[in-house]
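So the protein sequences, as listed, match chains A and B. Residues 572 to 875 (the numbering used here) are what the first sequence spells out, left to right. Residues 572 to 875 (the numbering used here) are what the second sequence spells out, left to right.
These aren't lab readings, by the way, just hints derived from the structure by calculation. Misleading hints may appear alongside valid ones.
To be verified - Only pairs whose alpha carbons sit at most 30 Å apart, straight line, appear in this in silico DSSO-like list of lysine-lysine:
#1 A:K826 x B:K830
#2 B:K704 x B:K807
#3 B:K849 x B:K871
#4 A:K703 x B:K815
#5 B:K617 x B:K834
#6 A:K665 x A:K617
#7 B:K873 x B:K617
#8 B:K834 x A:K834
#9 B:K830 x B:K815
#10 A:K807 x B:K830
#11 A:K617 x B:K834
#12 B:K834 x A:K807
#13 B:K617 x B:K849
#14 A:K807 x B:K815
#15 B:K617 x A:K808
#16 A:K799 x A:K703
#17 B:K785 x B:K586
#18 B:K807 x A:K826
#19 A:K725 x A:K808
#20 B:K830 x A:K834
#21 B:K849 x A:K826
As the list claims (entries may be wrong) - Using C-beta positions, here's what the derived DEER-type ranges look like:
#22 A:S800 x B:G823: 18 to 24 Å
#23 B:S800 x A:N788: 39 to 45 Å
#24 A:E697 x B:G819: 30 to 36 Å
#25 A:G823 x B:K868: 26 to 32 Å
#26 B:R592 x A:K799: 23 to 29 Å
#27 B:P797 x A:D601: 42 to 48 Å
#28 A:K871 x B:G819: 30 to 36 Å
#29 A:L647 x B:S590: 54 to 60 Å
#30 B:K700 x A:N788: 47 to 53 Å
Built from N, CA and C at the ideal position, the CB exists for glycine as well.
Here are the chains, one letter per residue:
2 protein chains.
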Amino acid sequence: MQTKRVRCKICGSLKEGVSLRHYNLRVCLDCFPHFFKKRVQETVEKFKMFGPKDSLIVALSGGKDSMSVTKALKDLGYSIKAFHINADLGEVSKKSIEIVQNFCEIEKIPLKIVHLKEEIEISLEEISKILKKPVCAVCGMLRRYILNKQADGKTIVTGHTLNDEVSFILKNMIFWHDELLARQSPVLQEKEGLSRKVKPLCLITEEETELFCKLSNITYVSETCPYKSGVYEVFKKLVYEINKEFPGSIIGFYKGFLKRMNKFYCQSSEELLLQRCKNCGYLTTLELCSVCRLKEKLLKYKNG
Amino acid sequence: MQTKRVRCKICGSLKEGVSLRHYNLRVCLDCFPHFFKKRVQETVEKFKMFGPKDSLIVALSGGKDSMSVTKALKDLGYSIKAFHINADLGEVSKKSIEIVQNFCEIEKIPLKIVHLKEEIEISLEEISKILKKPVCAVCGMLRRYILNKQADGKTIVTGHTLNDEVSFILKNMIFWHDELLARQSPVLQEKEGLSRKVKPLCLITEEETELFCKLSNITYVSETCPYKSGVYEVFKKLVYEINKEFPGSIIGFYKGFLKRMNKFYCQSSEELLLQRCKNCGYLTTLELCSVCRLKEKLLKYKNG
Numbered sequence: 572m573q574t575k576r577v578r579c580k581i582c583g584s585l586k587e588g589v590s591l592r593h594y595n596l597r598v599c600l601d602c603f604p605h606f607f608k609k610r611v612q613e614t615v616e617k618f619k620m621f622g623p624k625d626s627l628i629v630a631l632s633g634g635k636d637s638m639s640v641t642k643a644l645k646d647l648g649y650s651i652k653a654f655h656i657n658a659d660l661g662e663v664s665k666k667s668i669e670i671v672q673n674f675c676e677i678e679k680i681p682l683k684i685v686h687l688k689e690e691i692e693i694s695l696e697e698i699s700k701i702l703k704k705p706v707c708a709v710c711g712m713l714r715r716y717i718l719n720k721q722a723d724g725k726t727i728v729t730g731h732t733l734n735d736e737v738s739f740i741l742k743n744m745i746f747w748h749d750e751l752l753a754r755q756s757p758v759l760q761e762k763e764g765l766s767r768k769v770k771p772l773c774l775i776t777e778e779e780t781e782l783f784c785k786l787s788n789i790t791y792v793s794e795t796c797p798y799k800s801g802v803y804e805v806f807k808k809l810v811y812e813i814n815k816e817f818p819g820s821i822i823g824f825y826k827g828f829l830k831r832m833n834k835f836y837c838q839s840s841e842e843l844l845l846q847r848c849k850n851c852g853y854l855t856t857l858e859l860c861s862v863c864r865l866k867e868k869l870l871k872y873k874n875g
Numbered sequence: 572m573q574t575k576r577v578r579c580k581i582c583g584s585l586k587e588g589v590s591l592r593h594y595n596l597r598v599c600l601d602c603f604p605h606f607f608k609k610r611v612q613e614t615v616e617k618f619k620m621f622g623p624k625d626s627l628i629v630a631l632s633g634g635k636d637s638m639s640v641t642k643a644l645k646d647l648g649y650s651i652k653a654f655h656i657n658a659d660l661g662e663v664s665k666k667s668i669e670i671v672q673n674f675c676e677i678e679k680i681p682l683k684i685v686h687l688k689e690e691i692e693i694s695l696e697e698i699s700k701i702l703k704k705p706v707c708a709v710c711g712m713l714r715r716y717i718l719n720k721q722a723d724g725k726t727i728v729t730g731h732t733l734n735d736e737v738s739f740i741l742k743n744m745i746f747w748h749d750e751l752l753a754r755q756s757p758v759l760q761e762k763e764g765l766s767r768k769v770k771p772l773c774l775i776t777e778e779e780t781e782l783f784c785k786l787s788n789i790t791y792v793s794e795t796c797p798y799k800s801g802v803y804e805v806f807k808k809l810v811y812e813i814n815k816e817f818p819g820s821i822i823g824f825y826k827g828f829l830k831r832m833n834k835f836y837c838q839s840s841e842e843l844l845l846q847r848c849k850n851c852g853y854l855t856t857l858e859l860c861s862v863c864r865l866k867e868k869l870l871k872y873k874n875g
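The task is simple: from the sequences and hints, build the whole structure.
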């Protein structure tokens, strides 16, 4: 975010700061981290995400968004544990572990690391070839599965930002995935076998998490995963462009969407048919969940 | 549109043609103009736009879209009259008149030309300064007003393409203009004082109108108006990018939108309060319509 000399709305002094167009607010760099955390707290309260005594699991990838939400919740006094899933995809994965470990040590946050290979032995690249699906899609599916399993009923906090949420919505509008639109909420309620998921950064942009990390001296993984791909990335770029052209437009769009969400809701057959996986208990529309089906396929493949 | 050697789905021969990703169809350049006109005819029927005996007024700007729709309807045997509104904005306007006159002479289409200054004497640039509104916005308002007045109850045909429609929808979704979304239809029904408006190109892209003009040897105004500006243009660019990244996505989005339109409909106060302008009879939410209010303002300004 571009900095310039501003009259800070919080402390009143004239110094280096930023202009936050979507709040119509100018804040100096000294006040920004406080403002950021206050904004997180307000979001948590607004959407009734959790209370001060709840224990939380934060999904910590090592990127700027998950680092920001972890730091903010820690400073706000919440009881958090960090959970890092490592995909062992070369240099970026190695760096992520280092960064996450250092950060949690400094911040005194309990950290659990799970490697994807603990769940499935074969590498993501190989699975991707066998299933003929992008690495990124397989990785996401496994991450959600492991996270849910490890959360053990605790609330899961993710670092999804306003940019992420709007990108999902726009993508699911362009392709009219009504059932996904109906589920696009800052809070995903607990369901039989699925933990509650909350997104305290849903009203905060990525430019803000970047600045927050910088001002809080947080080192984060800035390299993108070599396998990052797909439709979603295109929409993230479009959303970035829209917000650049019309500053503040995406927060208005998001708030307007939340008000209109019920319009998109149609009880899909998927919703009606959700049941527990016969093998592991994860929610699924079939007898076996996607991960157990994957494991079966891989076993068959292995045995020729 | 990029041409390449294709096996034409219509005539079966292997020759120079295009791949129309959103119909999943390959057509040679010889068959394309017939295909294009068939598509226009199907759209007219699908949305019950007009019958073979209706008399139509085509709004002919001179650009590729309005030229295409005029030529297609003429060749399909409809009874059309062309109507050109000239804004006298420099070279582009001069060129437009020439092009439109030549075209109508060759095609033997009755043409009526009206200059904006016949409605309002002061130049658009001056009005824009007085009202502190972009020239483009004032011009659009006056054009709609004149077109409606001249149509005298006949159905008005415009050259709005799929790209135009999707750009409007996306813009009105990002800013949640529900009342505009509710009106975004291929057919705008006649209302007390407002003519019926139809858009036979609403399922056709701009790449296709461009190719149709080229193959039909139609000269069109390719220069953009020097005053073209605003939010809408940004969305047109975005829509172009989306369709480039995901070929065929915008037609799916548009069709999905039309199915869901009623979800966006909320009877706005504007709808409820529409009445006839006390001065000219045009529909308005106030006592005087926007154009009569503009004229009053200009008169006051002139008299100091």
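TODO: Verify the proposed pairing of A:K799 with A:K703, using a straight-line Cα cut of 30 Å.
DONE: holds, 16 Å
- [ ] For A:L647 and B:S590, compare the CB-CB distance with the range 54 to 60 Å and indicate the outcome.
- [x] holds, 55 Å
- [ ] Starting from the range 42 to 48 Å, see whether the pair B:P797 and A:D601 falls in it by beta-carbon distance.
- [x] holds, 46 Å
Open item on the list: Would the hint linking B:K849 and B:K871 be met if the CA-CA limit is 30 Å?
Closed with: holds, 19 Å
Open item on the list: Run the distance test for B:K617 versus B:K849: straight-line Cα separation, threshold 30 Å.
Closed with: Roughly 38 Å separates the two Cα atoms, so the pair is violated.
Open item on the list: Checking one constraint from the list: CA of B:K834 to CA of A:K807, max 30 Å. Satisfied?
Closed with: holds, 26 Å
TODO: Please work out if B:K704 and B:K807 have their alpha carbons no farther apart than 30 Å.
DONE: Cα-Cα ~21 Å, so holds.
Open item on the list: Can you confirm whether the C-alpha distance between B:K849 and A:K826 stays at or below 30 Å?
Closed with: violated, 39 Å
Open item on the list: Run the distance test for A:K703 versus B:K815: straight-line Cα separation, threshold 30 Å.
Closed with: holds, 24 Å
Open item on the list: Next pair to validate is A:K665 with A:K617; report whether the Cα-Cα distance is within 30 Å.
Closed with: With Cα atoms ~37 Å apart, A:K665 and A:K617 exceed 30 Å; violated.
Open item on the list: Would the hint linking B:K830 and A:K834 be met if the CA-CA limit is 30 Å?
Closed with: holds, 13 Å
TODO: Given the hint that B:K617 pairs with B:K834, test it: the Cα-Cα distance must not exceed 30 Å.
DONE: Between B:K617 and B:K834 the Cα gap is close to 21 Å, so the pair holds against 30 Å.
Going down the numbered hints, you'll see the structure goes against 6, 7, 13, 15, 19 and 21, while the others check out.
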